[in-house]
Amino acid sequence: MSLQELHERIEACGPRAFLVTVSEGGDAHVVSVVVRRDGDALAFGAGRTSRANLAGRPTATLLWPSRSFDDGEYSLIVDGDGVVAADGEGVVVHPTAAVLHRIAGSAGAGPSCIRVLSGTDPRPQR
Numbered sequence: 084m085s086l087q088e089l090h091e092r093i094e095a096c097g098p099r100a101f102l103v104t105v106s107e108g109g110d111a112h113v114v115s116v117v118v119r120r121d122g123d124a125l126a127f128g129a130g131r132t133s134r135a136n137l138a139g140r141p142t143a144t145l146l147w148p149s150r151s152f153d154d155g156e157y158s159l160i161v162d163g164d165g166v167v168a169a170d171g172e173g174v175v176v177h178p179t180a181a182v183l184h185r186i187a188g189s190a191g192a193g194p195s196c197i198r199v200l201s202g203t204d205p206r207p208q209r
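Take my numbering: the final residue in the sequence shown is number 209, and no numbers are missing along the way.
No lab work stands behind these hints: they were computed from the structure.
The C-beta atom is built at its ideal place from N, Cα and C for all residues, glycine as well.
Hints are supplied without guarantee of correctness; some may be wrong.
Claimed, not checked - What follows is a list of derived Cβ distance ranges for each label pair: (1) ALA95 <-> ALA190: 15 to 23 angstroms; (2) GLY171 <-> HIS112: 14 to 22 angstroms; (3) GLY191 <-> ALA169: 40 to 48 angstroms; (4) SER195 <-> GLY171: 21 to 29 angstroms; (5) PRO194 <-> ALA135: 33 to 41 angstroms; (6) PRO141 <-> ARG99: 19 to 27 angstroms; (7) GLY139 <-> ALA190: 40 to 48 angstroms; (8) ASP123 <-> GLY97: 35 to 43 angstroms; (9) GLU88 <-> GLY191: 17 to 25 angstroms; (10) SER189 <-> GLU107: 31 to 39 angstroms; (11) VAL114 <-> ASP170: 15 to 23 angstroms; (12) ALA192 <-> GLU107: 28 to 36 angstroms; (13) ALA169 <-> SER189: 34 to 42 angstroms.
Just need the whole structure built from these sequences, with the hints factored in.
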């Protein structure tokens, strides 16, 4: 599926998401962010720890919690390459892969995972 479809899904989910980054020691760091579209990328403000994590390990994951779609409840999960913005305060994430992941115990008979954007990088896909 296309980057355009991903942006349509993000618009349906709204601007609030969770950003997951990883520290030098391998610990996950999760924060709430307000995402806006920046061309094909996603941009948002981020704190000192998130920016430091991305400067050392540019892999980022954004999670939009459960939303109802035609075939059940899903969360949107977007993987991407994150960089600290030129202003030093924000972050820009270039999506590399995305899925709608079915919420455990949700009603409906939809599939457990729907690929929204196929990955083009060598990392394992969800």
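Supplied distance hint 34 to 42 angstroms, evaluated on CB atoms of ALA169 and SER189: The hinted range 34 to 42 angstroms holds for ALA169 and SER189, with Cβ atoms some 41 angstroms apart.
Whether the CB-CB distance between SER189 and GLU107 falls inside 31 to 39 angstroms: 36 angstroms, holds
ALA169 and GLY191 - C-beta distance against the hinted 40 to 48 angstroms: 43 angstroms, holds
Pairwise beta carbon distance, ALA192 to GLU107, judged against the given window 28 to 36 angstroms: Given range 28 to 36 angstroms: violated, Cβ gap about 43 angstroms.
ALA95 paired with ALA190, Cβ distance criterion 15 to 23 angstroms: 19 angstroms, holds
Consistency of beta-carbon spacing, GLY97 to ASP123, with hint 35 to 43 angstroms: With Cβ atoms ~19 angstroms apart, the hint is violated.
Whether the CB-CB distance between VAL114 and ASP170 falls inside 15 to 23 angstroms: 18 angstroms, holds
Hint check for ARG99 and PRO141 - Cβ pair distance inside 19 to 27 angstroms: 23 angstroms, holds
Supplied distance hint 33 to 41 angstroms, evaluated on CB atoms of PRO194 and ALA135: Holds: the Cβ-Cβ distance is about 37 angstroms, inside 33 to 41 angstroms.
C-beta pair GLU88, GLY191: status relative to the range 17 to 25 angstroms that was hinted: 20 angstroms, holds
GLY171 paired with HIS112, Cβ distance criterion 14 to 22 angstroms: 18 angstroms, holds
Whether the CB-CB distance between SER195 and GLY171 falls inside 21 to 29 angstroms: Taking Cβ atoms as reference, SER195 and GLY171 lie about 40 angstroms apart, which means the hint is violated.
In terms of the numbered hints stated before, the structure departs from hints 4, 8, 12, listed from lowest to highest.
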